[in-house]
Each structure stands twice: as C-alpha cells, then as structure tokens.
Amino acid sequence: MTFLALFLAYPLFYNLRTSVHDVRLSQLLGGSWQFNGLDNYRAVLDDPAFWHSVRLSVVFTLGSLVFQFSIGFALALLFARPFPLGGLLRSLLLVAWLLPPVVSGTLFRWLLDAESGAYNALLEAVGLGSLSHDWLTDPSTSLAGVVFANIWVGVPFNMLLLLVGLHTIDPQLYEAAAIDGAGPWQRFRRITLPLMRPVSVTVLLLGLIYTFKVFDTVFVMTGGGPVDSTRVLSLYVYEVFFRFFRFGQGAAAGLLLLVVPLLAGVFYVRRLRREETTGGAT
Amino acid sequence: MSYTVDRRGLLRTAGAGAAALGLGGALASCGSDESETVTLTWWDYFTLDNFQPGMNRLIRDVEAGVPNVRIQRRTFPFAELDRQITLGAISGERPDIAIVDNVAMNTLGGSDLLADLTGRVEAWGQADQYYKGPWDSCRIGEKILGIPNNSNCLALYYNTRMLESAGVEPPTTWDELASAAERLTSGDRFGLALSAIKSEEGVFQFLPFLWQAGGDLDTFATDGATALSFLHDLIAKGSLSESCVGWTQQDVNTRFMNQRAALQINGPWQIPTLKQADFDWGVVALPRDQEAATCLGGENWVLMAQSENLDKAWEVLEYTQRPSVLVPYLVSFGNLPAREDLADRGAWASDPALRLFLSQLPLARPRQYGRGYADASQAISEAEQAVLTGSASPSAAARTAATKIDKALSGR
Chain A
1 MTFLALFLAY
11 PLFYNLRTSV
21 HDVRLSQLLG
31 GSWQFNGLDN
41 YRAVLDDPAF
51 WHSVRLSVVF
61 TLGSLVFQFS
71 IGFALALLFA
81 RPFPLGGLLR
91 SLLLVAWLLP
101 PVVSGTLFRW
111 LLDAESGAYN
121 ALLEAVGLGS
131 LSHDWLTDPS
141 TSLAGVVFAN
151 IWVGVPFNML
161 LLLVGLHTID
171 PQLYEAAAID
181 GAGPWQRFRR
191 ITLPLMRPVS
201 VTVLLLGLIY
211 TFKVFDTVFV
221 MTGGGPVDST
231 RVLSLYVYEV
241 FFRFFRFGQG
251 AAAGLLLLVV
261 PLLAGVFYVR
271 RLRREETTGG
281 AT
Chain B
1 MSYTVDRRGL
11 LRTAGAGAAA
21 LGLGGALASC
31 GSDESETVTL
41 TWWDYFTLDN
51 FQPGMNRLIR
61 DVEAGVPNVR
71 IQRRTFPFAE
81 LDRQITLGAI
91 SGERPDIAIV
101 DNVAMNTLGG
111 SDLLADLTGR
121 VEAWGQADQY
131 YKGPWDSCRI
141 GEKILGIPNN
151 SNCLALYYNT
161 RMLESAGVEP
171 PTTWDELASA
181 AERLTSGDRF
191 GLALSAIKSE
201 EGVFQFLPFL
211 WQAGGDLDTF
221 ATDGATALSF
231 LHDLIAKGSL
241 SESCVGWTQQ
251 DVNTRFMNQR
261 AALQINGPWQ
271 IPTLKQADFD
281 WGVVALPRDQ
291 EAATCLGGEN
301 WVLMAQSENL
311 DKAWEVLEYT
321 QRPSVLVPYL
331 VSFGNLPARE
341 DLADRGAWAS
351 DPALRLFLSQ
361 LPLARPRQYG
371 RGYADASQAI
381 SEAEQAVLTG
391 SASPSAAART
401 AATKIDKALS
411 GR
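Residue numbers (our numbering), protein chains in the order written: chain A, 1 to 282; chain B, 1 to 412.
The shape of chain B in the complex, shown without the other chains:
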C-alpha cells in the first residue's frame, strides 16, 4: 500500500503521467513476479488538471483489479491524438488502448488500425446494457471496434433571472426559441449563444438543427436549407451574434457566464464551471421542430489491431465496465454513463442538470457516417459559416454543401 501512496505523490509532482508511471511499473516489477506482468500503453487526451485525479484512480483500480497488468499512460492535446495514432501506423509507435472521440470512429474505423472486438463483445454479453447511440458509435459495418467510455449530448442552458424578468418560459420549439431569443436580446446581451466555429465543434452544434428539421445528411439541400435559414434569421434579428462563427463551445460558455447571453447551447461538461456562477441557471432539452434531436458526444475505448497484448487489453476494458470502477470514474469527470443500467447510480441520478442530459441520451444521435465524414463535415461548416456571415443564401449554401456531402459519403 505504501508503494501506491508513493506513486501517487510522484504522479502529482510529475503531472504528465508517462514518466512517473514508467517508474511506477519498474517499482512494481521488483515486488511482484516480473515475468508475467504485462505493461499496456494507454493514450488519451484528458490533459486538464481536474481530470487527473479521476484518471489516476481509474488506472490504479485497473492495476489493482486486473492481474499482472501495468498501465503506461500518455496524454496528447485533443487535436493531436488521432494524428498520433495515425502516424503510429507508419512509425510503429502506437498504444494498446486509446480513448478517442466517438466521431473519430469514422476515420479510424475504416483503417484497419483498430482491433475487431466483435467476438469478445459477444462472449461478454453486455452490449444490450448500453444506450443505442453510444453503442452504435462503436459499430462500424458489422464489426464492433470499441466500447463507449462516456457519453454526452447538447441541451439548452438558460439564465433563470433573465427569463423571469422578460416573462419568457424555457423554449421547447423552434418558434418559441426564436421569439424567446428575440425578447431576451438587449443592449450588449444576445438572446442565444452557440458555437458555429469552422471545426467539428461547430458541426456538432449544427447537426441537431438539421435533424430537428426532419432531415439528415442525405437531404441537406432541403432540410439543411431549413436549418440554415432558421439560424440566419436569428442573426438577422440580432438574437444571435454573427461572431458565433468564431466561437468555440468554451467561448459560448464564457458568454453565458458573463451574462452576455441568456440562452446557450452546450454540453454537460460545462456544469462544473457553471456551478461557480453567481446566478441561477437551468437546462432543458434542445427545442424541437419536426423532431426532437440532439447530437451524441463523448469518447470510446478502442484497442489497436497491432497490439501484442490484445487479450490483456480486453480484460482491462471489461474490468473498467464494472459499476464499482466506472461510476466513480464518470462522476469524477462530470461525465454521463453510456450504460442504461447505471442511470440511477452516480451523481447524475440526483443532480437535476445531469439528469436532464441523461434523459436526452436515448435520442442522441452519433455522427456515424463512415469514411467520408471528414469531407462532409467540412462542407457543412463552410455552408453554415457562409450563411451566418452573409456571404451566401441558405438555399444556395445548402445546395453547394449537398453536392459535396453526396460525393463524400458515396465514398469516391
């Protein structure tokens, strides 16, 4: 036990885990049977300080619970992880286990980089415990290439006092959203804030509008135009800032925290920050149009096909799915479970904001469009940016994007 404490101290001082964990592994191998201990490399992008205690605890749990395993963890910046995994295909340096953004399954899924877990998952028999969206995000064609790590989705945050003083109820439909946003706009305060930045983040926030309009990527020319003109009207009326084409979701939350936006579209990962706000706020489901819809975010665990320790790595994944391991991990991250059977277990069972997000998970859709998704995503964000900056009309932009999307998804 004293060794664990030592290592924790080391971890704390070292910050980035890799070196310290390597040392920890060396220390450990002195004590236990050296020949049987397997060291697995583990890559993820959870670099923020507030994630480290939870991650260290998870790894400690794994090392204590799975026989003869040591985890050597390495972290990368968010945008760097996919690239490193990809480059690993050339350089040969790749992890055994990685936690990747679920949207990365589109690109990584078709590449033979990820291990096929289908047989193992069938033998394990717990696939039906997961929400459909998160589980589908691990399924590429007929194969299961990962298991969900955590899930999140988007919802609408509101500033309680602002809504009360404007006499507005939290909106539930597009019409209500438009009129609420208009009435909540005053001075340098915008009614609504959302991210339309030219990256996957912006697309993540846009897709719900497309789906709510009743469409999908294959009907972008028409339903895309509907969604785009709804957002365009918000800007035309001044309810939404044109600057949103440059805002990340973090920027959006900052606006909301500074009370310069009465409503914001954002995810549950903002809750810890929002709890420090000195005003009351609430969350409701995203307003619906033809359909209710929200976009699935979160991460999946994947194993690398070239790993020499697939059996051990799978054993680790299976172990992490025990409620006694998974629940504390998710709680410490402020994340939601991808498993339905945990719905009444963690912080999300009592916290009203988290519960709202959890209630949206069953209808959260994964961005599961296959290999051409990166091109499609780029076409979507360019169309949105063109419309919101006034350089193209919604219908023209949607038509241009639809052509590109069709080409991308038909797998040229």
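The shape of chain A in the complex, shown without the other chains:
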C-alpha cells in the first residue's frame, strides 16, 4: 500500500494538481501557482496539433498491433512444432525485443536511410530499385516507417506469449480431430483459434497499453517529423513539457494520454478477474 501511495498516487496527484494550475517556466520559482481550473485541458483540446497527434497515435497503435499480432501468431505456429535449430532461432528473435528502443530506433534510422540505407540497397539488388524510397523523410511514408520499426520490436513479445498459449492446448484434441477427419485448416479454425482467444485478447491488450505510449522509437527515428507526420501523442506531450515549458498544459495532455491505456488496463484487469472466477474458460 505504501509502495502504491508513494510511487503511483503521489505523482499522479502531483500531475493532477499541476494540470489545473498555470505553470510555466516563469512561475516555477516562488511557488505562486495560479489555479486556472480546466483552462489547461481546454487549451490542449482546442489545439489542432493535439488532435492530429491523437489520430497519428491511433494509426500507429492499430498498424503496429495488427501486424505484430499476425506475424507473431504465424511465428508462434511455426515454432510450436519442433524442428532443427528452432530453439536457437527463437532466442535470436527475442533479441529484437531485448534491444533498448533507442538502439533499435537508431538501427532502423540507418536501415531506412535514403542513400546509405540497407533496405533501399536490398530493393535495388532484387531489381526493384524503382521502389526505393526516402522512407523517413517523406511525410507520406514516415509514419509507415516508424510503424514498421515498432512492429519489428513487438513481434517477439507477441510470439512468445502466443507460443506459451499454444503449448497449453491439449494435443489430444488435435489427434481426436484428425481421427474425425479434420484437415489442418479445420483444426486451426475449430481448435486453435477458439482456444487461443483468451491469450490473444491478453496479448492485444498488453500491446495496446504498451504501443499507445511508445516514445523512444519514434523520437529517435524522426523526432516527430518531417513536419508533424510522426508526432504521436507521447511526443506531443514531450514537446509541450520540454520544448515549450508549459508544465500545466503538459500535465493535462499527459493525463489525457493516460486515458486509452487506463481504459485498456481496467478492461484487462476485469477480464483477469472473470477468468479467475470462471476457471479460465471463456
């Protein structure tokens, strides 16, 4: 309880308090914070840049989740059956997840570079030179570029959790289905998919919570640019705080950023509880 109070409640309260005061750099000293009610929230909600970054965050999150999950699922299915070097490959894939985002972000900045980047070289090598592109400095593809990097970062995590899920499915079910004459596709659809649903929902929820507030990968790769094409919500909050030093507004925007992960968190916890009471069957 003390732990929660100290490390969660107090900062949250402090943030809440800041968000209803006019706190700019010039007001920091002297402690004469002016209470201004919901002005900070109003200022944020009136800012077109805020809504732009909300849209970007939604696209970023959905794009990341869809691909992370489907690629992760495919890889999990692949690694679920034993094959030579499978274990080694699986641990190699995990490296992507272990890398600090700053490192993976920098890595992708180089890989996607227009002139010296490996991806364009690769495209040219396979005769698709016309597709080579300045991914991160063209506003129409920069978001795709950072989503791409974030997918790469997220796939191993998805794979790992889904793999654990696959291992919990009783192999006898597949045997019985095979005896009854079900083909691989049918077995997948009728057994794997339904039984994987609880795990999948968990994976997606955790992914949503994590992805919605991703900061470092994007910050390192594009800094929110070109123009404002990759300024997701977390970068917007950062800018209000540390570029413009409008702490009150930053606190307000930060709390608004919390809304989506918080809702997802509540949903997740309620689900967990339900699973516990019903013994895991959904």
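Please keep in mind that the hints were generated in silico from the structure rather than gathered at the bench. No false leads were slipped in.
DEER-style ranges, computed between Cβ atoms: (1) L6(A) with F279(B): 55 to 63 Å; (2) T248(B) with P84(A): 43 to 51 Å; (3) R189(A) with D49(B): 53 to 61 Å; (4) W51(A) with S165(B): 50 to 58 Å; (5) P323(B) with A125(A): 54 to 62 Å; (6) F279(B) with A118(A): 23 to 31 Å; (7) D280(B) with L45(A): 51 to 59 Å; (8) R187(A) with A79(B): 48 to 56 Å; (9) H52(A) with D49(B): 38 to 46 Å; (10) D49(B) with D216(A): 20 to 28 Å; (11) G87(A) with T160(B): 51 to 59 Å; (12) L6(A) with T118(B): 37 to 45 Å; (13) V102(A) with T37(B): 37 to 45 Å; (14) L45(A) with K275(B): 48 to 56 Å.
On the chain B side, residues computed to face chain A include the following (Cβ under 10 Å): (15) D82; (16) I90; (17) I197; (18) E242; (19) R260; (20) R371; (21) A383; (22) A386; (23) L388; (24) T389.
All figures in this text were calculated on a predicted structure; none of them were measured in a lab. Virtual Cβ for every residue (Gly too), placed ideally from N, Cα, C.
Chain A is already provided as a structure; the job is to place chain B on it using the hints.
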C-alpha cells in the same frame, strides 16, 4: 602538485567527472583550510571525449587561480541540460554555474532562474571587449544574465577539387550558389548539403537565409517565403537532397566527408574532423542576397539566482576570462572566442578556416527573440519541412508560420 596528478589520473579513469571531482574536493580539503573552501557545482553538456582534457584543464586552472574554490562538475547530454536546470527549479537540485546554449537564454532568461549579473558586469568593466552578437545573447531586456563562453557561426565549406573540375568559383551570392550547386550535382552527389531537421539545429541553419533575404521573424510571410522558395528551387533542381529534412549537422558533415556533397553549410566545430579528410577543402562566408548574414551559435556561462555562492561563482567567471585561461580552453575545444581582443591570439589567428569563421562573428546574429521563441522556432521548422517535402507552397507555408510566429512573439 602530486595531488593534481593523482586527480588527473582519477579523472581519466572515471571519465564522467562528478564522482572523481567530489573525491578530489575531499582530498583537497584535507590539505587546505577546510572552513573557507567553497564547492561550486558546475553543469555543462560537453560530454564528448575530445572535450575532456580541455575542460579538466580549465577547472584545474580555476581551482588553482581562484582562492578556496573547488569545482564539482556534472555533465548532461545536450538535450538534457535545459530540462535538468528547469527541473532543478522544482527539485531544488541545481548548479551554481552552468554553460548553456546561447539560444536557451530565450527560455531561461524570462524565468527568474538565472542570476542578474548586471551590477557585477558594470563593476568589472570588460563588456565592450566582446563581439556584439555574443554579448547581446547574454542581455535579456535591461539585464545581463550571463557572459559568453565561446562563439561560432555558420559558413560554406567547399570541396576544392570538385569546384575546380566543374570550373566553379566558391559562390558569394544566392544566384551563384544556385548555379554552382546545380553544376556540382552529378550521379549520387549533391551540389549542396545543409540541415533542415525538425529541431533548433534546422532553424539555426535556416535563419541566415531569412536574414539574407533582408527580413526577420516579423516579416516571415514575405521574406520567409523568399527564403523558402530559394531552398525549394534547389531541391526541385536536384541540387539539394530532399532528405535534408532529416539530417543533423553531423549528418551533413558526413555527406561532405564522403564526398557526396560538394558544398555544405556547417560550423567551425567540424574543422577537427575535416582535417582528417583525404581531400582539400576551403571555407567561405555564407552567400548573400539582400544582406550578408549568419547565425550565432555557441554557449554562455550563467549563474543560478538561487545559488548561495554567487560572489564566488562570479569570481570564477571573471577568472575564466583572463586570456591565459580562456585561450588554451578555446583552442582545446576548437572554439572561437567571443572577445574581440583575443582575435590575434589563439589557433584562430593562423588557421585560415578558423580565421574565416572569426571574420564572420561581427555579423553573426543571436536568436534573441524572448520567451516565445520556442514556439516561433517550431513554426519555422514546420514551414521549412512542409516546403522541402513538397506538402506546401513556400508562400502558403510562410503565411501559416507567420501567424504562429506573430502570436508566439507577442507573448500571449
């Protein structure tokens, strides 16, 4: 003396100075009179290895020359320093002395965080020794809130052989720059490289174009449009890579070093790297349009208003301005002096590239626009990026930015 050597060894092994210096202070206090020694905390962002010998020497000089003072130094990454100083206002943890980017004076200046040095500077009486731009960057309204640490500005580097084989002279005007850049472009080599990244770095490189067009932030709608369309034309002709919207000044220099750019706009801090290039290069002033202009960079020394040791800290600043202390420090950093009276003293007196940069300092302008500058700067970089990536026309982007700039600078 043996103690100094010890501490140097410690510093070398410890790398980051803080812990080692703390220890050094403890060692020192055993020897000298403990009650009078004042320990000053000193923050800066000079984290690169090649800056450490010069910085350690400066601090040693200060500790030897200013009576009863110990310096406890702490370094931060470039982008982190302002933030830490700001957060220090809340947490109470702040330095006595800091070396900050001169553009940070805009935000820090209006915050009551910095000590007012006006009276001390008047008593000291050396203000007139400084170049105008650097000195102005320390003056906020009527107050002097810092003294210049070092200065730099932008100029145009060229690859000598490339210019010779293309039969091009180093450009001196916008027209010459445009035609030179066009003729120097071939294959995967661009005529010109510059940084237009979405940060203060990009704005630092853009402002000279605005000023050269004869304008300033208050005429952005028109002169901003002129500057933007000049750059836009360079991209349209292929003389400048569209990727420059993602390049830092470091990236730009890398292109120049790899001979993938014949001309680059950059600062004097690249000279040490460029000296290792296996080709000949030169530097000229930035090409002019209506006016000759370049942007002032560099750092200022500031003292924190809440410091309990202001007198001692000021004594340190004053001491660092002695030529015998300042010149070796600037030389070891590859920096230029902000003082005119040092123009014929250090490496910059003989090195042709440094001399060119020094000759530009008198016309280097500080980005001294006050508290709203951060917003204005953001508006400028977004306009530049929008134009260079083809998502807005120069005049439309300039108009949008002008509205934001006016709002920011009117201090809403």
